[in-house]
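Asker: Here the protein sequences line up with chains A and B, keeping their order. Heads up: the first sequence begins at 86 in my numbering, then just goes up one per residue. Heads up: the second sequence begins at 86 in my numbering, then just goes up one per residue.
These aren't lab readings, by the way, just hints derived from the structure by calculation. You may find that some hints are simply not true.
A pair holds if it fits inside one copy or across any two, identical chains being indistinguishable in the list.
Unchecked claim - Quick list of in silico lysine-lysine cross-link-like pairs, DSS-like style, CA-CA up to 30 Å: (1) Lys-387 with Lys-177; (2) Lys-159 with Lys-387; (3) Lys-177 with Lys-304.
Just so we're clear, the structure is a prediction, and the values are computed from it rather than from any experiment.
2 protein chains.
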Amino acid sequence: MRYYPAPESAIMMPHLIEAVREAFIDHGNGSCEMPPKSYVTLPGGDFRTMPSYLPGLRIAGVKVVNVHPDNRTKGLPTVMGMIILLDPPSGKPVAILNATALTDLRTGAAAAVATEVLSSEKTGTLGIIGAGRQALSGLLAISEVFQVESVKVWSRNEKTATRFTEKFPDLNITVTNLEQASDATVLLTATPSTKSLIKDEWIADGTHINAIGADAPGKQELDPNLLTRSQIFVDDRKQAVHSGEVNVPIRDGLLSAEDITGTLGEVLIGKIGRSDPESVTIFDSTGIAITDLAAASVALQKGSFIELPYEHGF
Amino acid sequence: MRYYPAPESAIMMPHLIEAVREAFIDHGNGSCEMPPKSYVTLPGGDFRTMPSYLPGLRIAGVKVVNVHPDNRTKGLPTVMGMIILLDPPSGKPVAILNATALTDLRTGAAAAVATEVLSSEKTGTLGIIGAGRQALSGLLAISEVFQVESVKVWSRNEKTATRFTEKFPDLNITVTNLEQASDATVLLTATPSTKSLIKDEWIADGTHINAIGADAPGKQELDPNLLTRSQIFVDDRKQAVHSGEVNVPIRDGLLSAEDITGTLGEVLIGKIGRSDPESVTIFDSTGIAITDLAAASVALQKGSFIELPYEHGF
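One chain only, chain A, in its complex shape:
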């Protein structure tokens, strides 16, 4: 059995985007197994368990990942993960991967896949709400599929936003206020907010929004009016209704599950799509298990590993 301590270092973003796109296509075609993500409450946070099987990649396994919002005060990331992979025909555990950075990367890659097929423009301004690890990977990934002319970043903590911009000395990147950052060709929202931050009137027609912050019941980043005005594409219907950007407005009766236009997989297989260039499109990303398998499959190809004993006892 192999342990990959830093699988992210073996991953080239274009390969990851390709693998994540293929996983969404399998999801659109119904050719994967993915039971609902399950949540266990812990002191100060929770952990989620995400099993799945992707026959196309011949890969099966489980990601275990926590969310502890106050971990930064302990010098730890909010989100840390592990993936266990099994050999599908025997069920034998074959690999364990550190999935902390991998989780950020695959989340960014999913936003890139959505941007590629849903944005009406191929070039323009990128607005980023939040300046954490998901914002970083989102910028890296979206840049691969969208010609970024300028980047506007907002964070609740301005210092965090400034530090974020300093990581990209070669980009035209500035810290702005929330309204200014929302005025963009493509918008990425990546905060842990439980109150809507982005007002409907700030969003121009034709904008594409990747809403990746909301991934648990009670979380939301967008004005419900913005949702009712937009075409909503989700990564997975059940997960989105339970814990995505749409979960709070649906709970509050402002939106219904029928208002979801479709899934990203359905867009990729040509079943549905952006209705016209003036629509606002929203990709409501909760993070789905098969994209973790896709990321793992890319890491396995070139990643460094430690060989571990795995015997069967008595």
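Could you slot chain B onto chain A? The hints should help.
Answerer: Quick look at chain B alone, frame taken from chain A:
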């Protein structure tokens, strides 16, 4: 982060039984978190994902375990497992354990806990149906709480049964036919059968049965008439109805969920119990996640481990 390649070698059965008993008590008191086990179908088998949190032991984590009935032809166990443990207050992964033998041992320990509180006799004959790894661990564990005067073993494959008896040269242990093995003070059924094997008329009043083979929809080992005649105690109601010994008779309308007397945890906290010495009692064991955490907690105390790097990437 620590990897325990052979945690079973650090485990003394009496300690394991004690830890598993405590876990069932927490279950009886409702002081644990345990979402339903989830199943993913693979070619030739499946895998199950079992997350849980035991505040009493300050331990949280997930077991991933497969069931591939034809693995023996590949020289692999039918069931192989891994456990990932998290630090509850931060969610950080702290340990990975090989859970193959650990799974067998905790299953045996659960049968011992049930035998201790449900058997009307403290000494007598032990009948064992099946001669695989669960039969082995069941014998080892039950012997700790029940004075075994003689053991009768049946297996579909008589050679397997004979090899099993040869492992216990110091016991009064014999291979018998199915009916003879069923005539015992305490009975352990540990086969992957999908048809009832044990006839109602073979079971004497006062017998205690540990039915541990059925752990997936469609599996069963006992005559439905035996179930309707007996007091049924389960490890977990939802899991038992879904995949335990009662799942097929309930599906077929021969039994209802209301016929379940209670859980083993409820017996341990004194809420319910054996009604009289002449009752037949059945412990319907599906295998619950918190007993895996209990077994892991025992292994952590003395087990050998390999220290692994676990950094947080970019």
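Asker: Compare the structure with each hint and give your call.
Answerer: Structure-based check of all given hints:
1. Lys-387 with Lys-177: Answer is both; intra-copy 21 Å and inter-copy 26 Å each pass.
2. Lys-159 with Lys-387: between (32 Å within a copy, 28 Å between copies)
3. Lys-177 with Lys-304: Close across copies (22 Å), not inside one copy (37 Å); limit 30 Å.
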